[in-house]
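Novice: So the sequence shown is numbered by this note's numbering: it starts at 2 and just counts up by one.
Since the hints were made in silico from the structure, they are not lab data. We put the beta carbon where it would ideally sit given N, CA and C, even for glycine. Don't take every hint at face value.
[Said to hold, decoys possible] DSBU-like, lysine-lysine: derived pairs with alpha carbons at most 35 Å apart:
(1) Lys185 with Lys172
(2) Lys35 with Lys126
(3) Lys210 with Lys151
[What the hints assert, rightly or not] Computed beta-carbon distance windows for the label pairs:
(4) Val216 with Gly71: 36 to 46 Å
(5) Val68 with Glu283: 25 to 35 Å
(6) Ile74 with Thr175: 51 to 61 Å
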Amino acid sequence: MKRTIAIVAGGDTSEFQVSLRSAQGICSFIDKEKYTLYIVEMQGLRWEVQLPDGTRAMIDRNDFSFVQNGRRIRFDFAYITIHGTPGEDGRLQGYFDMLQIPYSCSGVLPAAITYNKFACNQYLKSFGIRVAESLLLRRGQSISDEDVLKNIGLPCFIKPSLGGSSFGITKVKTKEQIQPAILKAFEEAGEVIIEAFMEGMELTCGCYKTKEKSVVFPLTEVVAHNEFFDYDAKYNGQVDEITPARISEELTHRIQKLTSAIYDILGCSGIIRVDYIVTAGEKINLLEVNTTPGMTATSFIPQQVRAAGLDIKNIMTDIIENQF
Numbered sequence: 002m003k004r005t006i007a008i009v010a011g012g013d014t015s016e017f018q019v020s021l022r023s024a025q026g027i028c029s030f031i032d033k034e035k036y037t038l039y040i041v042e043m044q045g046l047r048w049e050v051q052l053p054d055g056t057r058a059m060i061d062r063n064d065f066s067f068v069q070n071g072r073r074i075r076f077d078f079a080y081i082t083i084h085g086t087p088g089e090d091g092r093l094q095g096y097f098d099m100l101q102i103p104y105s106c107s108g109v110l111p112a113a114i115t116y117n118k119f120a121c122n123q124y125l126k127s128f129g130i131r132v133a134e135s136l137l138l139r140r141g142q143s144i145s146d147e148d149v150l151k152n153i154g155l156p157c158f159i160k161p162s163l164g165g166s167s168f169g170i171t172k173v174k175t176k177e178q179i180q181p182a183i184l185k186a187f188e189e190a191g192e193v194i195i196e197a198f199m200e201g202m203e204l205t206c207g208c209y210k211t212k213e214k215s216v217v218f219p220l221t222e223v224v225a226h227n228e229f230f231d232y233d234a235k236y237n238g239q240v241d242e243i244t245p246a247r248i249s250e251e252l253t254h255r256i257q258k259l260t261s262a263i264y265d266i267l268g269c270s271g272i273i274r275v276d277y278i279v280t281a282g283e284k285i286n287l288l289e290v291n292t293t294p295g296m297t298a299t300s301f302i303p304q305q306v307r308a309a310g311l312d313i314k315n316i317m318t319d320i321i322e323n324q325f
């Protein structure tokens, strides 16, 4: 008998549309001979399941079920692909834990830690992992231009500590840009990071583990045509994404080993993606950890899966069946 899978998308941040695109990608990747798939779209208190005839039904939040043709449908598994709250920060994971519905990604604690970029980087720094110098501001706090120049320097990045897809991020080059960049970042989240700029090559590496296997994918080299890997670079083609990356086998192995270690340190599940900057002397610096990476056909993870000669359908099956 087929398992019934909810592909959970949407969310309450600027990444809503990005999440819906990832849901379509995941829907195309999962084996439909083994599983019955429904896309569940969430936005605030609007939780709706998309039905095959194009209509929608309301999700009963008491047990995450819905009614179709007079019959109540319950899900066996949730594939979470919300980028942002409540799917990337641990909230939805806690809900599914209480309902005893297995899901695709990391649990409450690793999701909450990795969603807060400052907290995650400071935590991993305690394990000896290199990260950029940074400062944290919470809403209501302020910082002088002089303190930014003294402690972080220019250029620097000012960005939300919560969120993704480069919303609210500014590469600051002059003193006059500091305060407007802070205000822009606060429009996206209640916490803002001021982070030192690192000159180097941007690389990203995916990984997943099950009870039976540990798989680290080939690396992707990210060459943005813009000042940095911003929204247009990510979603409007203003970037070269080269998989596998044009680096030595030795450096590739070091980054893959570090990615696997980060997965274990955080206690992750499902697919994660770790982003790095490699600076002079082949020093590997962590940018951030993503526990619900983009999954459109052109996203980094599907690219890396293809470069590894693997079938993404089998990987989706691995992740689903690992929870049973």
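Novice: Work down the list of hints and note, for each, if the structure agrees.
Specialist: Status of each hint after checking the structure:
no.	hint	in the structure
1	Lys185 with Lys172	12 Å, holds
2	Lys35 with Lys126	42 Å, violated
3	Lys210 with Lys151	42 Å, violated
4	Val216 with Gly71: 36 to 46 Å	43 Å, holds
5	Val68 with Glu283: 25 to 35 Å	57 Å, violated
6	Ile74 with Thr175: 51 to 61 Å	56 Å, holds
The structure fails to meet hints 2, 3 and 5 from the earlier list, while all remaining hints are met.
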